[in-house]
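Undergrad: Spelled out from the first residue to the last, the chains are:
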Amino acid sequence: MLVFAASDKGGTGRSVTSCNVVYRSALSGSDVCYLDFDFGSPTAGSIFQINDVTRGVRRGGMHSYLLEPDIQTTGEPHRIDVWTQSSRASLRQRPPGSGKLMLFPGDQDGGEFGPDKEALRRCVHLLQALDEEFDMCLIDLSAGRSYATQLVLEATADPALRGVAARWLVFHRWTRQHIPAAAGLVYGKDGILDVGVRAGHDKDELQAAIKFVRTAVVDPDSIELSGLRPAQVAWLRDCDEDLGQLAAKHQVGRRAMLGEVPLDPVLQWREQLISDNDVVARDIANNATVDAFDDLARKLAADEEWASL
Amino acid sequence: MLILGEVLTAALRHSGGMPRDRVEDALGLLAGERVRTFERPISYAVSPKTYTGVDCRIVARSGAKVRGVGTLMGRACLTGGRVLQSSAVTRIEPVAGGFRQPWSHYLARLGMVEALGRPDLPGTADAHLLADRSSSMMGMGALCVRLLTGIQGSPVLDRKPPVRARRTVLRWAATIKDGAEDVKWHFAVREDGLRTVRLELGPAQIDDIVNLCEDLALHDWLLTALMSIIEQSQIGVEQPAQSVVKLRPAVDHLLHLWMPAARLDGFALSVWEGLESRPGLSRQWDASVRRVRDQMAMAAALVNNRPPERKQLFG
Chain E
1 MLVFAASDKG GTGRSVTSCN VVYRSALSGS DVCYLDFDFG SPTAGSIFQI
51 NDVTRGVRRG GMHSYLLEPD IQTTGEPHRI DVWTQSSRAS LRQRPPGSGK
101 LMLFPGDQDG GEFGPDKEAL RRCVHLLQAL DEEFDMCLID LSAGRSYATQ
151 LVLEATADPA LRGVAARWLV FHRWTRQHIP AAAGLVYGKD GILDVGVRAG
201 HDKDELQAAI KFVRTAVVDP DSIELSGLRP AQVAWLRDCD EDLGQLAAKH
251 QVGRRAMLGE VPLDPVLQWR EQLISDNDVV ARDIANNATV DAFDDLARKL
301 AADEEWASL
Chain W
1 MLILGEVLTA ALRHSGGMPR DRVEDALGLL AGERVRTFER PISYAVSPKT
51 YTGVDCRIVA RSGAKVRGVG TLMGRACLTG GRVLQSSAVT RIEPVAGGFR
101 QPWSHYLARL GMVEALGRPD LPGTADAHLL ADRSSSMMGM GALCVRLLTG
151 IQGSPVLDRK PPVRARRTVL RWAATIKDGA EDVKWHFAVR EDGLRTVRLE
201 LGPAQIDDIV NLCEDLALHD WLLTALMSII EQSQIGVEQP AQSVVKLRPA
251 VDHLLHLWMP AARLDGFALS VWEGLESRPG LSRQWDASVR RVRDQMAMAA
301 ALVNNRPPER KQLFG
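Top to bottom, those sequences are chains E and W. Sequential numbering from 1 applies to the first sequence in my numbering. Sequential numbering from 1 applies to the second sequence in my numbering.
Don't take each hint at face value.
What follows is a set of in silico ranges between Cβ atoms, one per label pair, in the way DEER data are often shown [stated by the list, open to error]: (1) E:257 / W:207: 52 to 62 Å; (2) E:194 / W:186: 48 to 58 Å; (3) W:191 / E:268: 51 to 61 Å; (4) W:251 / E:115: 41 to 51 Å; (5) E:271 / W:251: 23 to 33 Å; (6) W:51 / E:81: 36 to 46 Å; (7) W:135 / E:257: 26 to 36 Å; (8) E:115 / W:155: 22 to 32 Å; (9) W:156 / E:200: 13 to 23 Å; (10) E:303 / W:62: 21 to 31 Å; (11) W:51 / E:257: 48 to 58 Å.
Pairs of lysine-lysine, DSS-like flavour, derived with a Cα cap of 30 Å [unchecked claim]: (12) E:299 / W:246; (13) E:9 / W:160; (14) E:117 / W:246; (15) E:189 / E:211; (16) W:160 / E:211; (17) E:203 / W:246; (18) E:249 / E:117; (19) E:299 / W:184.
By construction, these hints were calculated from the structure, which means they are not laboratory data. Glycine residues also receive a C-beta, built at the ideal position from the N, C-alpha and C atoms.
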């Protein structure tokens, strides 16, 4: 299964949520990999806490694999086994029964690029090879309408990848600006659907394969907000309702949503993986956050969540 | 004489075994050339040979850089309707003088690369075997990937791999010495899904060497895939019924494929005999298969005869 993580704006928590979802899937026994297609600013190395590649690798990353003619297309770009390479002790011991957790890092000096036939060919070969090996490949795309998005839409429309499940997660914060922006990225002009149809996808099928993920959601009823005055809670509830209506109007409502991730201080200030240790022993992260990641990982793999209506 | 090769092995992206008539559609790399198929002792199909022209640098370990011009032979084969392999092979022939000939010259010598300059054959063999996975000599790795990817993308496949496993690369170098009587070999498992084989032998057919190396790569891949399935099934940690569910792909798709040296004879058989004593591939395979079967038997026994829940001592 291929999963594409997209967002219209930066700072939605796309990368950190994706990394956590991949991590939870690996813990549950699936073989998973994470491809950093955020060519402008690869950050996955720092989220997985791989010291040498916090801002991407010097050479042989995703960007150069797709674009540099000198690199042989052996279907094998630079890979990092997170279970053995992470500098974080709690990640370094691969729990028994867990699956592979592999990172394909970006390049330090990547940058965006334009349409390229050879890059498309290499992208198709790469996704094909990784689909043979991994239960789930998560491809983290640059924010906004990027060439990376167009590239993977063209690649998944290629006959060689037909029949491989491809699912899209569009991340947005639960705010007045982010909801219309996410809708625009999917439904708008030159949005995912528009570009996808031009690349040869069926519009309804593609739309059924796109789900939204709300991030940094504040739940007015949560225990963390129990200190608020009644008037504040009532106001929060009104806002939440307004946002719900706004989302429905933009086709970003509950039916198109896969899950939501609550606001968590650990995610906000230290973009990192949340381990069970952070929740149970150190008590710095919230249980609800980990539950949300587990829920996303489970729903991603569940075919009934993605059945077209 | 030096012969270099590389074999790429993967699970065919098709949910069940490939029926024979479809195999010919998938492996037909060249129009008009037949796919050869065999049914005994295990179903096996091999594509026609294809040739790819190269003009590139041949690296030697000493650092000497030689220009190589000629063709690589490529072919693909499918074993048991499930395991797909592609191979790239060439013979390195040193020639005097440093000039490239017209292509007709090389087309008359298919499957051979002429080394122009001052060649260092042992150094070239070393460089080939010691290079890491992503940097393959003369683009052999890229050729293997191209052949394999083409077949994996074929419309006759349903794109549902029966087992998830990494493609493995087996690189080999065979030195042929006219006087040599017995075969010397060295098989090494390296990191990154890379294996190397070094062979030293008397006069032999290139096809026989290719068959041997493909057979080795096939069985090494099977063993690697089975071990990884067993590791993730958490035998002894999970309930047997749960472990068995995870072991199922191995039972469905892998266990019946183990048949070392099924189509080999002569020197290739003696290499396999040596491999059986050390590192003992079949011993490891048999032990793993017994482990899988024991788990299945135990799971079946426990379903009918569930032991009474033991009272916990604490809490």
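Undergrad: Hint by hint, which ones does the structure fall short of?
TA: Numbers 3, 5, 7, 10, 13, 14, 17, 18 and 19 - these are the hints that the structure violates, sorted from lowest upward.
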